[in-house]
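First residue of the sequence shown? That's 1 in the numbering used here, and the numbers climb one at a time after it.
Treat the hints with care, since some could be wrong.
Said to hold, decoys possible - Computed list of lysine-lysine pairs in DSSO-like fashion (alpha-carbon distance at most 27 Å, straight line):
#1 K178 x K152
#2 K76 x K105
#3 K18 x K178
#4 K76 x K229
#5 K57 x K105
#6 K152 x K125
#7 K229 x K57
#8 K125 x K111
#9 K152 x K105
#10 K171 x K45
#11 K152 x K76
#12 K152 x K57
#13 K152 x K171
#14 K18 x K45
#15 K112 x K76
#16 K125 x K171
#17 K45 x K57
#18 K178 x K229
#19 K219 x K171
#20 K18 x K54
#21 K45 x K178
#22 K125 x K178
#23 K211 x K229
#24 K152 x K112
#25 K45 x K76
#26 K125 x K107
#27 K211 x K54
#28 K178 x K219
#29 K105 x K125
#30 K152 x K107
#31 K105 x K171
#32 K178 x K112
#33 K18 x K57
#34 K111 x K152
#35 K125 x K112
As the list claims (entries may be wrong) - Label-pair restraints from in silico Cβ distances:
#36 D106 x P70: 17 to 25 Å
#37 G12 x L120: 38 to 46 Å
#38 Q172 x D106: 26 to 34 Å
#39 E126 x S55: 28 to 36 Å
#40 T209 x K107: 19 to 27 Å
If you are wondering where the hints come from, they were derived from the structure by calculation, not from laboratory data. Glycine residues also receive a C-beta, built at the ideal position from the N, C-alpha and C atoms.
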Amino acid sequence: MLVLEDVNVFYGAIHALKGISFRVDQGEIVTLIGSNGAGKSTSLKTISGLLRPKSGKMTFNGENLAVVPPQTIVAKGISQVPEGRLVFANMTVIENLEMGAYLRKDKAEIKKDLQRVYELFPRLKERSSQLSGTLSGGEQQMLAMGRALMSKPQLLLLDEPSMGLAPILVKQIFSIIKEINESGTTILLVEQNAHMALSIANRAYVLETGKIVISGDAKELAASEEIRKAYLGG
Numbered sequence: 001m002l003v004l005e006d007v008n009v010f011y012g013a014i015h016a017l018k019g020i021s022f023r024v025d026q027g028e029i030v031t032l033i034g035s036n037g038a039g040k041s042t043s044l045k046t047i048s049g050l051l052r053p054k055s056g057k058m059t060f061n062g063e064n065l066a067v068v069p070p071q072t073i074v075a076k077g078i079s080q081v082p083e084g085r086l087v088f089a090n091m092t093v094i095e096n097l098e099m100g101a102y103l104r105k106d107k108a109e110i111k112k113d114l115q116r117v118y119e120l121f122p123r124l125k126e127r128s129s130q131l132s133g134t135l136s137g138g139e140q141q142m143l144a145m146g147r148a149l150m151s152k153p154q155l156l157l158l159d160e161p162s163m164g165l166a167p168i169l170v171k172q173i174f175s176i177i178k179e180i181n182e183s184g185t186t187i188l189l190v191e192q193n194a195h196m197a198l199s200i201a202n203r204a205y206v207l208e209t210g211k212i213v214i215s216g217d218a219k220e221l222a223a224s225e226e227i228r229k230a231y232l233g234g
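Required output: the full structure, derived from the provided sequences and hints.
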């Protein structure tokens with residue numbers, strides 16, 4: 001589905017991604033884990049078209065993504081939930097959700113997808129006419145996820161969905177991520193909470209200073225002493 005081969009990305013003179021290669025197959029949850037500054041968010045921004053690779057190959061369903069503008073990448077079936085949520089604070093919940101479907105023309109299907117989002121996140125239905133900037137952090141995370149789902153993605157990119165949330169909300173968000181995946185959406189998850197990420201993922205890649213240093217089955221990595229010491233707090 002998504003394949004990156006030897007991708008290099010720079011921020012000016014800074015070499016942020018150093019020849020990374022990984023793949024995400026249809027139906028999977030794949031997670032990128034690593035410490036701050038490892039290149040996790042940069043990887044997602046590159047896939048979304050917000051950053052351009054200097055070299056390397058990036059394909060989605062066999063098509064070259066490296067030269068495609070961000071809005072076309074969304075139309076092709078990739079949607080990102082950005083780090084920090086970035087909801088439109090001065091717009092209502094329903095307006096934010098409608099923005100997620102901006103590129104779509106299938107009105108009947110949009111209605112169905114809106115109901116699906118409300119089933120996943122009942123709180124959003126209760127708050128549909130409320131300004132998004134007045135929602136709690138957890139509600140804004142739900143809204144950012146719902147907005148991304150409104151574009152009907154084949155591949156959902158999640159950047160730090162648990163950041164700043166209370167433990168009980170983190171569990172809820174991860175349970176919903178699993179449900180989204182089980183209903184047919186492939187997920188690439190960037191997450192500092194490595195323990196939670198590995199608990200729901202099929203496969204994982206560990207990034208360190210812009211390079212992939214370890215990859216494998218998520219359950220095996222969660223059981224690895226090396227990974228436990230480095231990323232799971234012992």
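What are the numbers of the hints that this structure violates, sorted from low to high?
-> Going through the list in order, the structure violates hints 3, 4, 5, 7, 31, 39, 40 and respects the others.
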